[in-house]
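Undergrad: This is what each chain is made of:
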Amino acid sequence: MTDTTSKPGYELTERDEGSALVLYLQGRITLGDADLLLARMNDAVAAGNPASVRIDLSGVSYMDGAGVLTLLRLEDSIRKKGVSFTLVRVPEEIRRVMGLIDREGLTRSPLRAEGGPVGIVEGLGSASVRISEDFAAMMAFLGDLVAAVIHLLRHPREVRWEDVFFYVRRVGAEGLPIVGLISILIGLIIAFMSSLQLKQFGASIYVASLVAVAIVRELGPIMTAILVAGRSASAFAAEIGTMRVNDEVDALVTMGFDPIRFLVVPKLIATVIVLPLLTLYADLFGILGGMIVGVAGLDLTAYTYLQESQRSISVFFLNASLVKAAVFACIIAWIGCQRGFQVRGGVEEVGAATTSAVVTATLLIVVVDSAFAVVLNYL
Amino acid sequence: MKGNRDTAQGPDDPVIVVESLTAGFGETTILENVNLKVLRGEILCIVGGSGCGKSTLLKQMIGLIRPDNGRVLVGGDDIAAVDDERLNRIRRGIGVLFQSDALFGSMTLGENVALPLSGFKGISAETVQLIVRMKLGMVNLVGYENHYPAELSGGMRKRGGLARAMVLDPQILFFDEPSAGLDPINSAELETLIRGINAGLGTTMVIVSHQVDLVLRVAHRILMLDRGAKGIVAAGSPEELRNTATDPRVRNFLFRGEAAVGGR
Ligand SMILES: Nc1ncnc2c1ncn2[C@@H]1O[C@H](COP(=O)(O)OP(=O)(O)O)[C@@H](O)[C@H]1O
Ligand SMILES: [Mg+2]
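Sequences listed follow chains A and B, in order. According to this note's numbering, the stretch in the first sequence is residues 1 to 379, in order. According to this note's numbering, the stretch in the second sequence is residues 1001 to 1264, in order.
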């Protein structure tokens, strides 16, 4: 970010000549000066209440487009008061810039009001993975990502929050139906399979705890993560890959933006917010699925079923599963975006990148989940 | 000269110097020992057949890729050696119109053009809006700020990309294949804009293109790259090259169908 509010490179001098006010501008006038300069000049005119205003530009060494625009805006506001306005001793360069400005176009209303359709990114294809080079690239990208996150933790106002909310909706809200459906079915299946065995021993009530433990500790987080990897890691890769093909990423860099802060961090934040919530939601639906079997097939009441479920879930494992979900979220955003940035050539590579994003993210999620299982066992 | 210039340098100082630049991808060398200067205020066209390394050279000049060997000096700074802050300042003085217009599809044209302004604090929304309209006006796109790029024609998108490249009043504008994919009418309109902006704002321009007709019409100076030579095979104004170039590669590429030197 550039702070333009510090010391201006110009000077504004006022001189009263009877009924005329002369404003003498000197030095460099650029974008960052525009608003303040306009206010200062308007104030000077309001205070002096002159019949005519003259702006002398002979001392201006440089004026950018925003500076020239400021003069035009000043002219408009002064003319509106019925005060006459003239620019004098205008350097040739400024005169030429003014010649390029379509003044009437500055105030004409747009052909279309704000808000309209948005384009959607697409792409499908086959996968190819080169392991060792690939690993190095993934790690290098992870390093950049961590650096970007650290930077934005220090400067939270630079985070593009509107993008974060956009992806919260994309990843979360739009993932609700499929996550709910799959979870309910998994709950049903586990309850049904285990009830066949447990009924023989008259231990039907344990179906509830078996379902609850399996869902909350393992299946909830991992199923949700795999589903989101399928939906969102691929979408991230496709989006960024397409931007690479269209030179949009290069354009960002040349405009002075860090593409990782700009494109990746909002997706990362959104996924980390959403995945734990989706996991809780999946847990709930999984238990609901088990309860359907318990109530319909095993003559348990809903109350006993839920009580038994609740007894078997420890707060520790619930928290651990949410931490797991947050880690999986990082993997999804990291791999999805990294695959997108790997696109070098044309559109056809975008398809490969999306597939590879899903495969790699899923693989990493399962590996990390196993690591969690081992570690949590010893805690 | 006391002028509307950003620095106290004279008019003949080069704004970009490329010194014995060597560049390539992996094992293959694309450019070998290339030397060139971009002069203040000129329209420099870099031409050559497809795949001869024009885009690669352009990306080197804006610091998107680093040279394998040699240096690129922008305003006296080695673009591969400066710190991030300086690099960002250099980049703010550079505008680039990419081959595909590189407008962001998820933003309106107005938001695209306003994007570079978002890097500055303390600029009111009204000022941003007026600057956007001013730049859109300069490229004949008044009124289109709420359209999405997908709703604009190819020529309009190109001009939109130009408006975005110009929004911070760069000293140097780069164009990669500006007329690629444009019909002759849109191409001619873009040419007029290029010339008008160069004359009106004094912006230095570097245009990379294989379209000879465009280049011969807008260039103050032409550099021709050749794939086999991996570097520059001809340099000069269109007139100089037309009258003096004897190299068959140059004549065939630039003046195909015209009589050879001395043969008229
Ligand atoms: N990212 C890249 N990786 C590998 N080779 C590349 C890459 N970009 C360009 N090339 C190769 O470099 C050569 C020059 O490319 P380029 O500079 O785009 O040519 P031009 O713009 O003159 O058509 C071509 O042979 C191209 O295949
Ligand atoms: Mg090219």
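A portion of the hints provided could be inaccurate.
[To be verified] To list a few chain B residues with every Cβ distance to chain A over 10 angstroms, as calculated:
(1) 1014
(2) 1029
(3) 1051
(4) 1100
(5) 1122
(6) 1184
(7) 1217
(8) 1230
(9) 1242
[To be verified] Covered stretches of chain A, going by a simulated chain B footprint (3 or more residues, C-beta under 8 angstroms):
(10) 54-67
(11) 168-178
FYI, nobody ran anything at the bench for these hints, they're computed from the structure. Computed from a predicted structure; not experimentally measured. Ideal Cβ placement from N, Cα and C applies to all residues, glycine included.
Undergrad: Tell me if chain B covers the stretch 168-178 of chain A under the three-residue, 8 angstroms CB rule, please?
TA: Coverage by chain B is violated for the stretch 168-178 of chain A (0 residues, Cβ < 8 angstroms).
Undergrad: Just double-check residue 1230(B) for me: nearest Cβ-Cβ distance to chain A has to come out over 10 angstroms.
TA: At roughly 21 angstroms from the nearest Cβ of chain A, residue 1230(B) sits farther out than 10 angstroms, so the non-interface label holds.
Undergrad: Non-interface claim for residue 1217(B): all C-beta distances to chain A beyond 10 angstroms?
TA: Given a closest Cβ separation of 20 angstroms, the condition holds.
Undergrad: Verify this label for me: residue 1184(B) is non-interface relative to chain A, using a Cβ-Cβ cutoff of 10 angstroms.
TA: holds, 24 angstroms
Undergrad: Does residue 1242(B) really sit off the interface, with its C-beta more than 10 angstroms from all C-beta atoms of chain A?
TA: It holds; residue 1242(B) is separated from chain A by about 30 angstroms at its closest Cβ, greater than 10 angstroms.
Undergrad: Beyond 10 angstroms on every Cβ pair: is that true for residue 1051(B) relative to chain A?
TA: Given a closest Cβ separation of 13 angstroms, the condition holds.
Undergrad: Is the claim that residue 1029(B) lies outside the interface with chain A correct, judged by CB distances over 10 angstroms?
TA: holds, 18 angstroms
Undergrad: According to the definition I'm using, a residue is off the interface if its beta carbon is farther than 10 angstroms from all beta carbons of the partner; does residue 1100(B) meet that for chain A?
TA: violated, 5 angstroms
Undergrad: Please verify that the nearest CB of chain A lies beyond 10 angstroms from residue 1122(B)'s CB.
TA: violated, 4 angstroms
Undergrad: For residue 1014(B), which was marked as not at the interface, is the minimum beta-carbon distance to chain A over 10 angstroms?
TA: For residue 1014(B), whose nearest Cβ neighbour in chain A is about 20 angstroms away, the distance exceeds 10 angstroms, so it holds.
Undergrad: Given as covered by chain B, does the stretch 54-67 of chain A meet the bar of three residues or more with CB within less than 8 angstroms?
TA: holds (count 6)
Violated hints, listed in ascending order, are 4, 5 and 11; each of the other numbered hints is respected by the structure.
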